[in-house]
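Number of protein chains: 2
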Amino acid sequence: MQAWKEYQSANKDRFLNELLELLRIPSVSAKSEHKQDMTACAEAVKKRLLEAGADKVDIYPTDGHPIVYGEKIIDPAKPTVLVYGHYDVQPAEPLELWKSGPFDPVIIDGKIFARGSCDDKGQVYMHVKALETMVKTNSLTNNIKFCIEGEEEVGSPNLGKFVKENKNLLKADCVLISDSAMISLDTPSIDIGVRGLSYIEVEVTGPNRDLHSGVYGGAVANPITILAKMIASMHDENNHITIPGFYDDVVVANDEERKLMAQAPFDEKEYKDDLGIKELWGEKGFTTNERTGIRPTLELNGIWGGYTGEGAKTVLPGKAFAKISARLVPNQNSDKITELLINHIKKIAPPYVTVKASLHHGGEPYMTPIDSKAYKAAAKAMETTFGKAPIPVRGGGSIPICALFEKELGIKIVFMGFGLDSDNLHSPNEKFNVENFYKGIETIPYFHKYFSEMS
Amino acid sequence: MQAWKEYQSANKDRFLNELLELLRIPSVSAKSEHKQDMTACAEAVKKRLLEAGADKVDIYPTDGHPIVYGEKIIDPAKPTVLVYGHYDVQPAEPLELWKSGPFDPVIIDGKIFARGSCDDKGQVYMHVKALETMVKTNSLTNNIKFCIEGEEEVGSPNLGKFVKENKNLLKADCVLISDSAMISLDTPSIDIGVRGLSYIEVEVTGPNRDLHSGVYGGAVANPITILAKMIASMHDENNHITIPGFYDDVVVANDEERKLMAQAPFDEKEYKDDLGIKELWGEKGFTTNERTGIRPTLELNGIWGGYTGEGAKTVLPGKAFAKISARLVPNQNSDKITELLINHIKKIAPPYVTVKASLHHGGEPYMTPIDSKAYKAAAKAMETTFGKAPIPVRGGGSIPICALFEKELGIKIVFMGFGLDSDNLHSPNEKFNVENFYKGIETIPYFHKYFSEMS
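So the protein lines, in turn, are chains L and Z. The first sequence begins at 82 in the numbering used here and counts up one residue at a time. The second sequence begins at 82 in the numbering used here and counts up one residue at a time.
Hints were generated in silico from the structure; no laboratory data involved. All figures in this text were calculated on a predicted structure; none of them were measured in a lab. Hints are supplied without guarantee of correctness; some may be wrong.
Claimed, not checked - The list that follows gives simulated cross-link-like pairs (lysine-lysine, DSBU-like), each with its CA atoms no further than 30 Å apart:
#1 Z:K437 / L:K350
#2 Z:K427 / L:K353
#3 Z:K159 / Z:K86
As the list claims (entries may be wrong) - Just the calculated beta-carbon pair ranges, DEER-fashion:
#4 L:G241 / Z:S314: 38 to 46 Å
#5 L:G182 / Z:S503: 52 to 60 Å
#6 L:P431 / Z:K86: 48 to 56 Å
#7 Z:E177 / L:L101: 35 to 43 Å
#8 L:I429 / Z:N412: 33 to 41 Å
#9 L:Y141 / Z:E177: 35 to 43 Å
Built from N, CA and C at the ideal position, the CB exists for glycine as well.
Based on the sequences and whatever the hints tell you, model everything.
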């Protein structure tokens, strides 16, 4: 498709500049102070979709942040691909660790540094520019729908309702999502699964106020110490999770799948050097790729309590807090695990303190079959532009809405991610390689072409 | 001393208003942003001492915050009392828990609410107004020196040097300190000891940056989990501290002292109700008063790591931190325990992380003899104004400079505290009962009178 190549080559600088503009909007869904930025970002996505050639684009308000729906229907009888993505981003904190402003995108050494560059604005924008490429070169062979939400990073609390109420609008033959990573440009890969999530917050209350640690210390339980003991008890010496019932529903990967996984390239020294760690950690009996792919985990995402400022304060705090999340694998259920977590935490709380635990959000694990048309089209598209067949791998992250799409729309999902694990998703200095951005724009039209041909 | 009573009665409103003015200065020594407030507060103390009748008052700069030295010498041959106190205060955080501004003093139900109201500006100011009372009624029978520092809440890092270099200036027959509490107005008491302190900060580093908890969780050690395990390991199931050697130098109180301590009034239900807790916590084999008086402790003063803002962020943080302090009893040594703590924490750090631990500040425990002239004068003064003899008790807090005063100046210290344990020292809504403030001003002149008479 020489026309695509020529069009993209002639417009590549503009594509990039448009993305940078989108990255300047601080669309942090978790923080209420960014409500207006969220609306502005939804408007910007709408505008770009229309410019790219969408027939109609609407912004659907929700109880939270709005959803952008757009479509380009060339012929209702042709196959339809539903592109899902999100325009919201994770909070940028800790700000002091960013080398440039999180919403002040800069390109250094061929990498776009900005919050959302890879997750997911940059990857959403590949689809917008792929649409433009096909429209402007009159080569679109299928219908494309876009569902770009603003609450993925907070667990998609309102998307479920929208999908249920708009099944006809969203009717499609497959869902295509670019919100994940590939191994590298040299080793293309496709995620065949995402993990589920149960994200809770814990509040441990000891005394009804902060106390002088000299006057009361030793006689009144310290909520930080108690919380630490509770956290410590949740992994045993083999780094297994100790919560009774936690592993009950886990579908253990069979030897064949584990053998296949072991073939994915993994250089332990390179991995450790990149992270600056001396030793790997993890559940005994599993490799690193297995620990992040096929096993559930329990992570501390945040902890705070007492005096955390400059200098010293001799306080015995009244409260301590933690944010804790579990990643789930097939066949675990998010609601069930959340209940298990909350009950367990309350159960192990000693009588010196009172403990509250509540859900932030959850999502189900999802596996996609590698014999579906959508998977085959994605694999063929990547082989076309990368020159080698992608490896199927299990991703460690979560996209809460996957299970719901399949259930409500009755269609399969395919993940075509162009990010890298080292892109600092959810971390300071999030980046997206310019080359990966362009590679995505180059590959996506082939997906549509092959998917139409196979349908 | 009818003249004292009349003078104080005629000026009581002014005394209180002057204190409120002093409390408006946010003299937080721990935070560099308050450097100018510290200077302003030292100047205010100087001004008030001169107004009260001091012959000369000087502000001595140090490498940190300045020291206010003042004196009223009536006759070098007469006994001299050195009053020690501090004009600096603890940080006011968490601000959201204050019912009124920490530096906006208000009087509600006979209580002065403000940071420093009790610890220690209010108690220092009792001495200033006691001086004024004696000067204005021409009834001073001894010399009084004042050493009011600005770094007590950060461990008095520069006072030691000042004392060593100014032994002549500070020459006295005893040190009188009001920086502690009494049981209640109905049950006056005098602290006969303060605990020492070793305050450290711990930094646990895992990966060299924050990571996506889905992509890396389960394969890379989470610094919060590791820190929690380290903290949890430092108390055993009997709440004994597990650090090898920690108790080695503790002078175990004998049965007689423990029997005496048991006579101090203690109502467990009232204590628990005041704090809003269901169960007491502490080292097995000791009572609550023993746990806070004669036993060393290890407290978590602060912890932080990862995402602590609104909502959820699925991050595996690069670092986690804690502020940890030990309270020490005779015959423990602060330097030795600090080294023990730091070495222990580094030793128990697993190979997945690197751990830094460093000293914030320390101080030695101190015991004062109850057969000294100073103690006897204090007890008699309290008996005079309270109508009953004070009970000697061991305080749980720390005044880092006590041991140094005794060593460098060769004199004993007496603690005459007028605060209450329930005054929320170091906590939001710190208070000082107006009645206790006046009771201190009433009692202090008797101390000077009796001390002169006994000398």
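Using the Cβ atoms, figure out if L:G182 sits within 52 to 60 Å of Z:S503. 47 Å, violated
Outcome for the supplied range 35 to 43 Å, where the beta carbon pair is Z:E177 and L:L101: 38 Å, holds
Mind checking the hinted window 35 to 43 Å against the Cβ distance between L:Y141 and Z:E177? 36 Å, holds
Starting from the hint 48 to 56 Å, judge whether the C-beta atoms of L:P431 and Z:K86 obey it. Given about 52 Å between the Cβ atoms, the range holds.
Quick one, are Z:K159 and Z:K86 close enough, alpha carbons at most 30 Å? 24 Å, holds
Starting from the range 33 to 41 Å, see whether the pair L:I429 and Z:N412 falls in it by beta-carbon distance. 38 Å Cβ-Cβ, so the 33 to 41 Å window holds.
Take a quick look at whether Z:K427 and L:K353 sit within 30 Å of each other, Cα to Cα. 21 Å, holds
Are Z:K437 and L:K350 close enough, with their CA atoms no more than 30 Å apart? 24 Å, holds
Honestly, do L:G241 and Z:S314 meet the 38 to 46 Å range at C-beta? 43 Å, holds
Violated hints amount to a single one, hint 5; each of the other numbered hints is respected by the structure.
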